[in-house]
Amino acid sequence: MQQIILAAGKGTRLNMPVTNKCLVKVSEKALIDYNLELSHEINANEILVIVGHNKDSLINYIGSSYNGIPVKYIEQQPQLGIAHGIMQAIQNINGSFLMCLSDELLVRHQLSLFLKFFRETEADCVCGIVKDSDENIAKAYTVEINNQKLITRIVEKPEYMFNQYKGTGYCLMRQTMLDVLPKLKKNAQRGEYEMGDWIRLAINQGKKCYAFEIGEADFNVNEQTDIYEAENYILSSQ
1 MQQIILAAGK
11 GTRLNMPVTN
21 KCLVKVSEKA
31 LIDYNLELSH
41 EINANEILVI
51 VGHNKDSLIN
61 YIGSSYNGIP
71 VKYIEQQPQL
81 GIAHGIMQAI
91 QNINGSFLMC
101 LSDELLVRHQ
111 LSLFLKFFRE
121 TEADCVCGIV
131 KDSDENIAKA
141 YTVEINNQKL
151 ITRIVEKPEY
161 MFNQYKGTGY
171 CLMRQTMLDV
181 LPKLKKNAQR
191 GEYEMGDWIR
201 LAINQGKKCY
211 AFEIGEADFN
221 VNEQTDIYEA
231 ENYILSSQ
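First residue of the sequence shown: 1, per the UniProt record's numbering; consecutive thereafter.
These aren't lab readings, by the way, just hints derived from the structure by calculation. Note that the structure is predicted; figures quoted are calculated from it, not measured. A few of these clues could be false.
Simulated crosslink set (EDC-like; lysine to aspartate or glutamate; CA at most 20 angstroms straight-line) [what the hints assert, rightly or not]:
(1) Lys207 to Glu122
(2) Lys116 to Glu216
(3) Lys139 to Glu122
Distance ranges between label pairs, derived from CB positions [to be verified]:
(4) Gln148 to Gln175: 32 to 38 angstroms
(5) Glu159 to Asn204: 20 to 26 angstroms
(6) Thr152 to Thr19: 39 to 45 angstroms
(7) Asp33 to Gln224: 18 to 24 angstroms
(8) Tyr61 to Asn204: 36 to 42 angstroms
(9) Asn92 to Thr225: 33 to 39 angstroms
(10) Ser133 to Lys29: 20 to 26 angstroms
(11) Thr19 to Val107: 21 to 27 angstroms
Using N, Cα and C, we set each Cβ at its ideal position, and we do this for glycine too.
Given only the sequences and the hints, what does the whole structure look like? Please build it.
Listed below in structure tokens is the structure:
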């Protein structure tokens, strides 16, 4: 299994003297390290890092391997959304993969159970979800699920929430999900190839897309306040 980390964004809202957004420190650890550590949880045989803004600083930080796992870098220019980042990597994907966003931090993950569920259900895709506030769900995405945990509807940056779960960027996918991408169109509102539209199109094409509670908490680090919230949560949960 491969791990794909999307790390091409600028992170302009952080307004910090760092060369790359995912190198910002959270509890004395670079944000990217929290995601790199997950590679061993899934026994990754390769890590693909999607780079863009200030790519050299990130490449120099990680290097050509991480704890013995080969790392390959793929450039995304321009940055037109999550699904667009995966499009750039298609030729390098050779099986199932864990997708991660480099500006996201998962606390007390259940990755082993997440992986077990993915394999047992023979899913095309499993999206990681966590319990969160309406305010935070509105910044991410909401999913409507049935009693088998199959996703029936998905909405990015919603005004109405289907439930108390926030969708995360942590998703396990099979190569079958890549078949959908050539037919994916830019989101009319935001001009990007969005994850929500990708999952929705996959469902419409008969793919099995599930949701699974992946951890205790999840933080999208976009602003200084997000760093403080994540650090306080990590400290209080120790």
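Status of the hints after comparison with the structure:
1. Using a Cα cut-off of 20 angstroms, the hinted pair Lys207 and Glu122 holds, with the two alpha carbons roughly 11 angstroms apart.
2. A hinted pair counts as satisfied when its Cα atoms are at most 20 angstroms apart, and Lys116 with Glu216 qualifies at roughly 18 angstroms.
3. Restraint check for Lys139 and Glu122: the C-alpha separation of about 30 angstroms exceeds 20 angstroms, so the hint is violated.
4. In this structure, Gln148 and Gln175 break the distance hint of 32 to 38 angstroms, their C-beta atoms being roughly 23 angstroms apart.
5. Taking 20 to 26 angstroms as the suggested C-beta distance range, the pair Glu159 and Asn204 conforms, at roughly 22 angstroms.
6. Checked against the hint of 39 to 45 angstroms, the C-beta distance between Thr152 and Thr19 comes to roughly 42 angstroms, which is consistent with it.
7. At roughly 19 angstroms, the beta-carbon separation of Asp33 and Gln224 lies within the given 18 to 24 angstroms, and the hint holds.
8. Checked against the given bound of 36 to 42 angstroms, the beta carbons of Tyr61 and Asn204, roughly 40 angstroms apart, stay inside it.
9. Distance hint for Asn92 and Thr225: a CB-CB separation of about 36 angstroms, consistent with the stated range 33 to 39 angstroms.
10. Take Ser133 and Lys29: their Cβ atoms lie about 25 angstroms apart, and the range 20 to 26 angstroms holds.
11. A beta carbon spacing of about 26 angstroms between Thr19 and Val107 agrees with the range 21 to 27 angstroms that was offered as a hint.
Hint compliance for this structure: hints 3 and 4 are not met, and every other hint is.
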